[in-house]
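Position 43 (the sequence shown) corresponds to 43 in the numbering used here; numbering is contiguous.
Where hints are given, some of them may not hold.
Pairwise CB distance ranges, derived in the manner of DEER restraints [stated by the list, open to error]:
(1) Asp59 / Ala23: 26 to 34 Å
(2) Val42 / Ala65: 26 to 34 Å
(3) Ser3 / Ala43: 19 to 27 Å
(4) Ala24 / Lys51: 16 to 24 Å
(5) Gly73 / Thr37: 18 to 26 Å
(6) Val42 / Ser3: 31 to 39 Å
(7) Val42 / Asn71: 25 to 33 Å
(8) Arg80 / Leu20: 15 to 23 Å
Just so you know, the hints here were simulated from the structure itself, not pulled from any lab data.
For glycine and all other residues, C-beta sits at the position ideal for the given N, C-alpha and C.
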Amino acid sequence: MSSPLNVRVTVLDAWDAIALELAASTTIGDVKRHALTAARVVADPAAFQVKFRGVELPDESRSLAEVSFPNGGALIVLRRRRRAVQ
Numbered sequence: 001m002s003s004p005l006n007v008r009v010t011v012l013d014a015w016d017a018i019a020l021e022l023a024a025s026t027t028i029g030d031v032k033r034h035a036l037t038a039a040r041v042v043a044d045p046a047a048f049q050v051k052f053r054g055v056e057l058p059d060e061s062r063s064l065a066e067v068s069f070p071n072g073g074a075l076i077v078l079r080r081r082r083r084a085v086q
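With these hints in hand, go ahead and build the complete structure from the sequences.
Here you go:
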């Protein structure tokens, strides 16, 4: 059994940096849901995208191991569409 990965996730809606300890087999979609819950963002997770090293990870069924995510690496969760400034 491999040791868990330390994952830093910045949720831009809340401007929160969330520290998670997850298995390498955790899917990108699950990481997104954990981060949104921890940041207390109440919205449909489908309205958000996940970026790693500036590139969107469109297939959220892939695991952290499948995307070669490094221990201590960082992800960004942000809305797919920007909200209008009022």
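Legend entry - Hint check, failures only: 1, 3
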